[in-house]
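Q: Residue numbers (numbering that gives the first Met the number 0), protein chains in the order written: chain A, 0 to 211; chain B, 0 to 211.
In case anyone wonders, no lab produced these hints; they're calculated from the structure. Don't take each hint at face value.
[Claimed, not checked] Straight-line C-alpha distance at most 30 angstroms; calculated DSS-like pairs for lysine-lysine:
1. B/162 <-> A/176
2. A/50 <-> A/21
3. B/176 <-> B/86
4. B/162 <-> B/21
5. A/86 <-> A/123
6. B/86 <-> A/86
7. A/176 <-> A/86
8. A/162 <-> B/176
9. B/106 <-> B/21
10. B/106 <-> B/162
11. B/21 <-> B/50
12. B/50 <-> B/38
13. A/162 <-> B/50
14. A/123 <-> B/123
15. A/162 <-> A/123
16. B/21 <-> A/123
17. B/123 <-> A/86
Quick caveat: nothing in here was measured; it's all calculated off a predicted structure.
2 protein chains.
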Amino acid sequence: MVVVDIFRATSCMVSGLANGLKSIYPVDNVEECLALGRKGYITAGERGGIKIEAFNIGNSPFEYMNAEFEGKSVAVTTTNGTHALVKSLTAHEIIIGAFLNLTATAKHLQQNEQNVVIHCAGWKGTVNIEDTLFAGALINALGSVELVDDASRIAHSLYLQHKDNLNHIAEASSHAKRLSRFGIEKDLEFCMTIDEYDIVPVYRDQQLWLHK
Amino acid sequence: MVVVDIFRATSCMVSGLANGLKSIYPVDNVEECLALGRKGYITAGERGGIKIEAFNIGNSPFEYMNAEFEGKSVAVTTTNGTHALVKSLTAHEIIIGAFLNLTATAKHLQQNEQNVVIHCAGWKGTVNIEDTLFAGALINALGSVELVDDASRIAHSLYLQHKDNLNHIAEASSHAKRLSRFGIEKDLEFCMTIDEYDIVPVYRDQQLWLHK
Chain A
0 MVVVDIFRAT
10 SCMVSGLANG
20 LKSIYPVDNV
30 EECLALGRKG
40 YITAGERGGI
50 KIEAFNIGNS
60 PFEYMNAEFE
70 GKSVAVTTTN
80 GTHALVKSLT
90 AHEIIIGAFL
100 NLTATAKHLQ
110 QNEQNVVIHC
120 AGWKGTVNIE
130 DTLFAGALIN
140 ALGSVELVDD
150 ASRIAHSLYL
160 QHKDNLNHIA
170 EASSHAKRLS
180 RFGIEKDLEF
190 CMTIDEYDIV
200 PVYRDQQLWL
210 HK
Chain B
0 MVVVDIFRAT
10 SCMVSGLANG
20 LKSIYPVDNV
30 EECLALGRKG
40 YITAGERGGI
50 KIEAFNIGNS
60 PFEYMNAEFE
70 GKSVAVTTTN
80 GTHALVKSLT
90 AHEIIIGAFL
100 NLTATAKHLQ
110 QNEQNVVIHC
120 AGWKGTVNIE
130 DTLFAGALIN
140 ALGSVELVDD
150 ASRIAHSLYL
160 QHKDNLNHIA
170 EASSHAKRLS
180 RFGIEKDLEF
190 CMTIDEYDIV
200 PVYRDQQLWL
210 HK
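Could you build the full structure based on these sequences and the hints that come with them?
A: Set out below in structure tokens:
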């Protein structure tokens, strides 16, 4: 199972672990997050694209790159991304995918024979462009796989049509339009960067860790 | 609200009304259908792509073109299509869309100022290629409309990528693969025919009628 929330939860997770965080603890609600904060976790997250006031950081990948956080752990809750993760717990293995670690994710999946489910967080229960594009990109990177549903075929088709200009189509998404009100164009552009990092976050004992 | 189930419910409805049926009564289950049959309706429908044995006809558009049915009414239940219709009853107006009446559907919608919802029946609650392609084709035919969600943008993109070879992509769909076991390639090809008919079925008093 690959959990995906390109704008911006899984892009943050990949960025944080690639930049020295020890672990990331995704939780479903603000109260759990604050409780972990009292135990020494850095608290992170947003609702509706805006940082939660009582938290240390919001939901920008750049906030996850703070040198002071090296070796520390983050507790995070977001509108869609952590929710998707918490709903994926019955999977054999859960990893975190983003454009930032696309090839690393594909290589990790190719190393075993398990069926792959790409769990796109989407937006409030509906499909979105950026997660669907990533699903298509991952299908493409996996090479000769059998697609078992039409959602996969549509995602692959969408990626093939737009692969030379991913930013352009991602900027047209509803999510990008909503978020642009918060002045985070730089975040969105970074989240669409392919293969910035060669790491794979794996979920184990309720937290995300670098796969070794 | 435009209800769409290309393979094959809404393609059948368009074909039937274009070929002389008086009305079509969509119901949610087999028992209701049989009860209407006892009142003189022609019974039609399938479950899992196969005709229900006690019914007069199955779910092929060609069965709906029987000259003996002229002026008569059909009661129909199908796996996905009639279910989508029954779930759409709160809409201001419900019409039936298919490739067979694509331009007529677009023209009908352009004649009023209402927002448009394209309700794709899909397959057991998930997205499918053929209904998504139709949604994209309808968006394209409507011209300059504001798309309010990413599902619409993805559908439009899918259509634009495949518009010169709709049959090819439709044949790759899960649904077509399932149905090909029943030897109905001719049905599927017909369902992908654009503008065979210049009619629009409208839902009124629990039944579908030709819009005059």
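Q: Run through the hints listed earlier and report the numbers of any the structure violates, in increasing order.
A: Numbers 4, 13 and 16 - these are the hints that the structure violates, sorted from lowest upward.
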